[in-house]
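There are 2 protein chains.
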Amino acid sequence: MLKRIVTISRQFGAGGHTLGKMIADQLGIPFYDSEIIEQAVADTGFSPEFVKEAGEYASTTHSFLFNLALSHSVSVGPGEMSNYDKIYIAQAKIIRELADKSSCVIVGRCADYILRERDDVFNLFVHANDAYRAERVLETYGEIPGKPIEERLEEKDKKRALYYRHYTDREWGDLENYDLTINTAKVPLEMACSWVVQVLKD
Amino acid sequence: MLKRIVTISRQFGAGGHTLGKMIADQLGIPFYDSEIIEQAVADTGFSPEFVKEAGEYASTTHSFLFNLALSHSVSVGPGEMSNYDKIYIAQAKIIRELADKSSCVIVGRCADYILRERDDVFNLFVHANDAYRAERVLETYGEIPGKPIEERLEEKDKKRALYYRHYTDREWGDLENYDLTINTAKVPLEMACSWVVQVLKD
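Each protein sequence line maps, in turn, to chains R and W.
Here the first sequence is numbered in numbering that gives the first Met the number 0, starting from 0 and rising by one per residue.
Here the second sequence is numbered in numbering that gives the first Met the number 0, starting from 0 and rising by one per residue.
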């Protein structure tokens, strides 16, 4: 296999994290999920709790300055960016370094967008209907008293969509951004894993 | 294999028609494309040329009455619907009958929406970047003097999106409507075919 990067975006409960781990294990390549990336960002000097919170929070106040800074058309001093934006930039740097280093699987954190200029990236989006996701979430994380499961699914996906839109100016789940999107209620995870392994080895 | 229906929606030039034929051949099941469905509609008494034209034309004037008629909440006389809408209704009836009869592959014509209440349908969307599609279209259909290929791609997809939105009240290419979406510039058609055959046999 040539060096290849797999990014996985996923609706909450659709199995994207599990699928990513399966693909990485089968190919014998590193697997980076949000927790690992958050840890790497924290290692650069941010408080781990704040990094975690920032991961699914999209600041809105500084987005104009932030996008100018990212496009390099003007120089924005660190004092003018929110801490959320600084964390996003640190995270993007880490994701680029991980992709440079070796083949790997990266889940979440706008990795598809951050690595969009590479030609060795395969972008995956994983989704499923509410009933399927509800069952998986309750099995994996259990109930939260007083919070209906539908609300948890919606809240989490809304945050992901907002975060993605804020930092990429793209729509989360717009199929043109993905090489493969899979409804895991119809395609078993093992089968989806074998497909991605096959396309990477091709 | 249990009885299973595959619907394929596709960007112009992405290879959806070819892929559908490959899947049908490999499974030994009928393949219905727009031409076959148009012929079936024409057989019910419409002029074949008009049926062809209507296939990618979305009337807007009568959509309110049309949607009422489709939802069966009121009875709308044939005189109050446009001929385009009558053709859509005839076509939907034919697609439902084909799906009742046997396993099959149906390309285009809102089949995913028309068959949305069945649980034996696997919905596929096929897309690719402009460069890949331009090459395929020029290879298959040749150039049209004075009409840039980019314009042909855009025009055709715009018509399909408009037609789909008009008759389904959904967005064409919204990934939640599909069980699998494939970027054929990254996944060879033979591989995509084997995946769909595998999931249908599962």
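Certain hints may be false.
You can't tell identical chains apart in this list, so a pair holds if it fits in one copy or across any two.
[To be verified] In silico DSS-like links for lysine-lysine, alpha-carbon gap of 27 Å or less:
| hint | residue 1 | residue 2 |
| --- | --- | --- |
| 1 | LYS185 | LYS100 |
| 2 | LYS157 | LYS2 |
| 3 | LYS157 | LYS100 |
| 4 | LYS51 | LYS185 |
| 5 | LYS200 | LYS2 |
| 6 | LYS200 | LYS51 |
| 7 | LYS100 | LYS158 |
| 8 | LYS146 | LYS100 |
| 9 | LYS200 | LYS185 |
| 10 | LYS155 | LYS100 |
| 11 | LYS92 | LYS157 |
| 12 | LYS2 | LYS185 |
I should point out that these hints are in silico values taken from the structure, not numbers from a laboratory.
Predicted, not measured: the structure shown is a model, and the values here were computed from it.
So, going through the hints one by one against the coordinates:
For the identical chains of this complex, LYS185 and LYS100 are inter-copy neighbours only, at 23 Å across copies versus 35 Å inside a copy, given an alpha-carbon limit of 27 Å. Within a single copy, LYS157 and LYS2 get their C-alpha atoms no closer than 33 Å, and across copies no closer than 37 Å, so neither meets the 27 Å cut-off. When the C-alpha separation of LYS157 and LYS100 is checked against a cutoff of 27 Å, the pair qualifies neither within a copy, at 32 Å, nor between copies, at 41 Å. For a Cα distance limit of 27 Å, the shortest separation of LYS51 from LYS185 qualifies neither inside one copy, at 32 Å, nor across copies, at 34 Å.
Taking CA atoms no more than 27 Å apart as the test, LYS200 paired with LYS2 passes inside one copy only; the shortest distance there is 10 Å, against 32 Å between copies. In this assembly of identical chains, LYS200 and LYS51 lie within 27 Å of each other by CA distance neither inside one copy nor across copies; the values are 34 Å within and 42 Å between. Within a single copy, LYS100 and LYS158 get their C-alpha atoms no closer than 30 Å, and across copies no closer than 44 Å, so neither meets the 27 Å cut-off. With identical chains, the CA atoms of LYS146 and LYS100 are never at most 27 Å apart, being 42 Å at best within one copy and 45 Å at best between copies.
Taking the shortest Cα distances, LYS200 and LYS185 sit within 27 Å of each other both inside one copy (24 Å) and across copies (12 Å). In this homomeric assembly, LYS155 and LYS100 never come within 27 Å of each other (Cα to Cα): the closest approach is 31 Å inside a single copy and 42 Å across copies. In the homo-oligomer, the alpha carbons of LYS92 and LYS157 lie at most 27 Å apart inside one protomer (25 Å), although the nearest pairing across protomers, at 38 Å, exceeds that limit. Taking CA atoms no more than 27 Å apart as the test, LYS2 paired with LYS185 passes between copies only; the shortest distance there is 15 Å, against 30 Å inside one copy.
The structure is inconsistent with the numbered hints 2, 3, 4, 6, 7, 8, 10, although it conforms to all the rest.
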